[in-house]
Amino acid sequence: MNSRVGRVQVNRELDFQHRQAAHCESGVAASLVSHIGIPLSEPMAFGIGGGLFFGYFPFIRLNGLPLVTYRVAVGRIIKRLTQNLGLGTWQRTFRHPAQAMAALDDLLAQGVPVGLQTGVFWLPYFPKAYRFHFNGHNLVVYGKRGDDYLISDPVFPGPVTCPAEDLQRARFAAGALAPKGRMYGLNPLAAKPDFRTGIKAGLQVVVRGMLQPFPLTGVRGIRFLARRLKRWPQRLGPAKAELHLGHVVRMQEEIGTGGGGFRFLYADFLREAGELLRHDPLAAVGRDLTVAGDRWRDFAVMAARICKGRPAAGDDYQALADGLEQCAALEEQFFRRLRTLLGTLP
Amino acid sequence: MVQDNNRPSGVTGGLPLVQYARKEDGGCCRISSADTAIVDVVNQQAWQALAVEISAARRRVEAGKASPIYYYMVVNQMDPALLGKYMGIAVWRVRWHLRPMGFRRLQSAMLRRYAGLFRVTEHDLRRGVLWAAVYDNQQQREAEAAYEQQGGKGAGESGA
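So the sequence lines, in the order shown, correspond to chains A and B. Note that the working numbering has the first sequence beginning at 31, numbered continuously upward. Note that the working numbering has the second sequence beginning at 983, numbered continuously upward.
None of these hints come from the bench; they were simulated from the model. Fair warning: there could be bad hints in the mix.
Claimed, not checked - In silico BS3-like links for lysine-lysine, alpha-carbon gap of 30 angstroms or less:
id, chain 1, residue 1, chain 2, residue 2
1, B, Lys1067, A, Lys158
2, B, Lys1067, A, Lys109
3, B, Lys1067, A, Lys270
Use the sequences and the hints to build the structure in full.
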């Protein structure tokens, strides 16, 4: 693979404020929006972007394991966030790596911080534990020093650097969700965004997603997973069932979910949105979601004990499924309530 | 936003993470230090499963049942389809190269492309030197590569 970089020699560090976030996409979204002059927290970016979701798709496989997701598809959060706030965005994908790197350098030379979709596997600054082929990662490049890019990766506590060759590889990672060098950013601010309509639109999309009738997604998806999970030990044998279970927990608790499969993050959004709109019921309703978040946590803890081969008394797949049913019931109740609250928003 | 991060964990490599959790008073949430105990268990489980596959692949290669490319494919967590995408060649060609016979007939140019992708030298592939994954022993490998070049064993450094 050649590592030819852009014709322009860039040696520049833009003024970009790095903030650590729980989730990469909402973190990047919040940083980019803040950069053009609208201070925005990560939970707000996640909420207005309508990030919360649930889906279980056993016929889509990742490394032979079924796809479980607690959030909307990659790229959707930024798209919805900017749409709901009426912000202008641009994005480009590339066929040729050299072209993609040159375009990145050009933008940096113009003083524009650039959001990138990358794979995780080839990024050298990631610790070993996260080096899986996952192509839905997001980061912001805000400068270049010599051959190293200066990167604000929201998962990390501080800014990091990455050699051009590795970044090029990460931008052209192959496989599911291949980024094809995708880069994006926000246009300069034209008009002040209306947070009221933005929040409403963000809430609506999540409520609809969680309560809709399709059996594999939303609350029905959680129940579907519970039913399937119950039969894993018989269907797959104990070893494989444990792998499947570990996979579900990894999707829920690992890097970038903020814990409890985004439920806590969303609850924080509800509080902040309620305070912003001066709507007390909305600010308070998030508490009920944290209860569901705690149930998800309990589920993860029990699952981890089983995966470790040290189940406590009463730990089995039936109990796990019951826990999931509880989560589903709590969330159904919660989102129904949120739907009625939506009508009362100013 | 508050964050305190003083719980390094083995698996996250000491990377402090941000998480949201319930406040003690039962109210809304805020950022707290990441409790990585659960993640550690399931993450380790995934890596253990991979380690088993890798050692099986190593045995197959050492027994002459598969080519070194097969080993490096497994170490890099790929399957023939993904490897084919990275190489820009068809899956059946990758499968052919995974067999010792197909591997022996590989042209130097193609071998160099594989070597570049896996970050090893063409010489490593030819001789069947099985390194650990890129993220495992970068320093060790650099040291040995430097040593080998000094010894003048001649392998051309591939454009990794």
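(request) Compare the distance between the alpha carbons of Lys1067(B) and Lys158(A) with 30 angstroms, and conclude whether the hinted pair is satisfied. (result) holds, 23 angstroms
(message) Can you confirm whether the C-alpha distance between Lys1067(B) and Lys270(A) stays at or below 30 angstroms?
(response) Holds, because 28 angstroms separates the two Cα atoms, which is no more than 30 angstroms.
(request) Starting from Lys1067(B), check that the Cα of Lys109(A) is at most 30 angstroms away, please. (result) holds, 28 angstroms
Of the numbered hints given earlier, the model fails none.
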